[in-house]
Amino acid sequence: MIEERQILNKESIQIIIERLCHQLIENHNNFENTVLVGIQPRGRYLSNRILSQLNMINPLNIIESGNVDISFYRDDLMRRENPILPEEMDMNLSVEGKRVVLIDDVLYTGRSVRSAIDALMTFGRPTSVELLILIDRRFSRHLPIQSDYVGRTVNAIDSEKVIVEWKEVAGKDRVLMRKEE
Amino acid sequence: MNNLSVDHLLGIKYLEKSDIELIFKTADNFKKIISQPIKKVPSLRDITIANLFFENSTRTKLSFELAEKRLSADIINFSSVSSSIKKGETLLDTVNNILAMKVDIVVIRHPNPGASVFLSRNIDAKIINAGDGTHEHPTQALLDSYSIREKYGEVKGKKIVVIGDILHSRVALSNIFCLRKLGAEVRVCGPSSLMPKNLESLQVEHFSDLKEALEWCDVANVLRIQLERQDVNYFPSLREYAMVYGIDKNVLDGLKKDITIMHPGPINRGVELSSDVADSSHSIILDQVENGVAIRMAVLYLLAGKIKLN
Numbered sequence: 001m002i003e004e005r006q007i008l009n010k011e012s013i014q015i016i017i018e019r020l021c022h023q024l025i026e027n028h029n030n031f032e033n034t035v036l037v038g039i040q041p042r043g044r045y046l047s048n049r050i051l052s053q054l055n056m057i058n059p060l061n062i063i064e065s066g067n068v069d070i071s072f073y074r075d076d077l078m079r080r081e082n083p084i085l086p087e088e089m090d091m092n093l094s095v096e097g098k099r100v101v102l103i104d105d106v107l108y109t110g111r112s113v114r115s116a117i118d119a120l121m122t123f124g125r126p127t128s129v130e131l132l133i134l135i136d137r138r139f140s141r142h143l144p145i146q147s148d149y150v151g152r153t154v155n156a157i158d159s160e161k162v163i164v165e166w167k168e169v170a171g172k173d174r175v176l177m178r179k180e181e
Numbered sequence: 182m183n184n185l186s187v188d189h190l191l192g193i194k195y196l197e198k199s200d201i202e203l204i205f206k207t208a209d210n211f212k213k214i215i216s217q218p219i220k221k222v223p224s225l226r227d228i229t230i231a232n233l234f235f236e237n238s239t240r241t242k243l244s245f246e247l248a249e250k251r252l253s254a255d256i257i258n259f260s261s262v263s264s265s266i267k268k269g270e271t272l273l274d275t276v277n278n279i280l281a282m283k284v285d286i287v288v289i290r291h292p293n294p295g296a297s298v299f300l301s302r303n304i305d306a307k308i309i310n311a312g313d314g315t316h317e318h319p320t321q322a323l324l325d326s327y328s329i330r331e332k333y334g335e336v337k338g339k340k341i342v343v344i345g346d347i348l349h350s351r352v353a354l355s356n357i358f359c360l361r362k363l364g365a366e367v368r369v370c371g372p373s374s375l376m377p378k379n380l381e382s383l384q385v386e387h388f389s390d391l392k393e394a395l396e397w398c399d400v401a402n403v404l405r406i407q408l409e410r411q412d413v414n415y416f417p418s419l420r421e422y423a424m425v426y427g428i429d430k431n432v433l434d435g436l437k438k439d440i441t442i443m444h445p446g447p448i449n450r451g452v453e454l455s456s457d458v459a460d461s462s463h464s465i466i467l468d469q470v471e472n473g474v475a476i477r478m479a480v481l482y483l484l485a486g487k488i489k490l491n
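Protein sequences appear in the order of chains A and B. If you're matching positions, the first sequence starts at 1 in the numbering used here and goes up one per residue. If you're matching positions, the second sequence starts at 182 in the numbering used here and goes up one per residue.
To be clear, the hints were calculated from the coordinates, so they are not data collected in a lab. Keep in mind that the hints are not guaranteed to be accurate.
[Said to hold, decoys possible] When the alpha-carbon atoms are kept at most 20 angstroms apart in a straight line, the in silico SDA-like pairs for lysine to any residue are as follows:
#1 B:Lys220 - A:Met177
#2 B:Lys194 - B:Asn184
#3 B:Lys213 - A:Glu87
For reference, chain A alone in the conformation it holds in the complex (with noise of 0.2 angstroms):
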């Protein structure tokens, strides 16, 4: 059986993008020294609303942004069943002696952004390195990560799936957990 409720919808997804925005702007200023970059594939759906939101509020500020896939950066290709297909390394910037903030939709066991990390290197040695997350699992740390910027908050058990939908791919923005039994 399976077991689905809502945790956001549009509107608070909204609200918290907005909030997450002004966050940002706290620490970022106009944005002269930061870059935003995406986690493929996920990711960049939730940095693409950050930056137009960004945008809305200040339409001065040009902020670089990019997607970086983190497919061969991952421990795990040896112990899944099927090889992860890459996403486009949508990367044409530097991040030498840039501020960098990750973005990604689930913050799960840390693995992800463990590889991004890496990843993100090879494009230079950022001044700094943050991380926004939409939803945040508490308790299911695998590697010591933690997130800068958080949406919400949840506590989720193994055998339930944080589900983020987007309205380019699902047809509507809303975040759901499942559970399976």
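For this one, chain A is given, so just place chain B on it according to the hints.
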């Protein structure tokens, strides 16, 4: 489809079209990776690869080695010139000894057709055929088709003629299989003495006239005359071969259209290709070499994904 249908890369013959497309798509990503400032990725950090070359090779060996290093694999190299083969050891014994060193993937080039198939049946490692006698050379065919795809956008519907020593060429056979699977038209050209007897069963048409072949094709894949495999004389002299089947600037200028020239290397300049053609804008020979690394990275990555740790 997000996994290969095969556990080894023994020949193009054994691949599905979807396998080839998956390899190409993965190679696209690796091509981007190898143009980054840091070209190394940690994907194959837990993997040990043995490169067993029982036959001479320069570019294939270097290309595999570079691909393996860019993927962070540990590698050991073996070449029969300086080995115990000379002391009478069998292939299976040699390989088993190497496998006892805990090798996960074996890249093998061997003068006997079917050597890689034989290994895949007898040992527990992923096998990649880097050329087995006159049989197949799958990674070369993949990179050739990949280079055509890069130049024209797709391989389907393109006309490719393979010119030269088809009889002794594993590149020709693998190319025919690969291009066909991708929907291209393939024909061959060269002296009848260098055509294999099974051309009819392969249903490949043969041009004996070079000009006719070049007028027909979009791409000419020109092969080297493999003197080292020729036990009898198949044509009067290299000079005569060059006069009848050599491609020079005059030949290309005489065509009514522009064609692309490919060559798997090593080139015998002045025999099958003149220097002004090999170095011209028609030639994509150096692109083939660059694509070879990306293709081999893709093959290694996808096969390594089939290895299960724990």
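The hints, checked one at a time:
1. B:Lys220 - A:Met177: Roughly 39 angstroms separates the two Cα atoms, so the pair is violated.
2. B:Lys194 - B:Asn184: Roughly 17 angstroms separates the two Cα atoms, so the pair holds.
3. B:Lys213 - A:Glu87: holds, 11 angstroms
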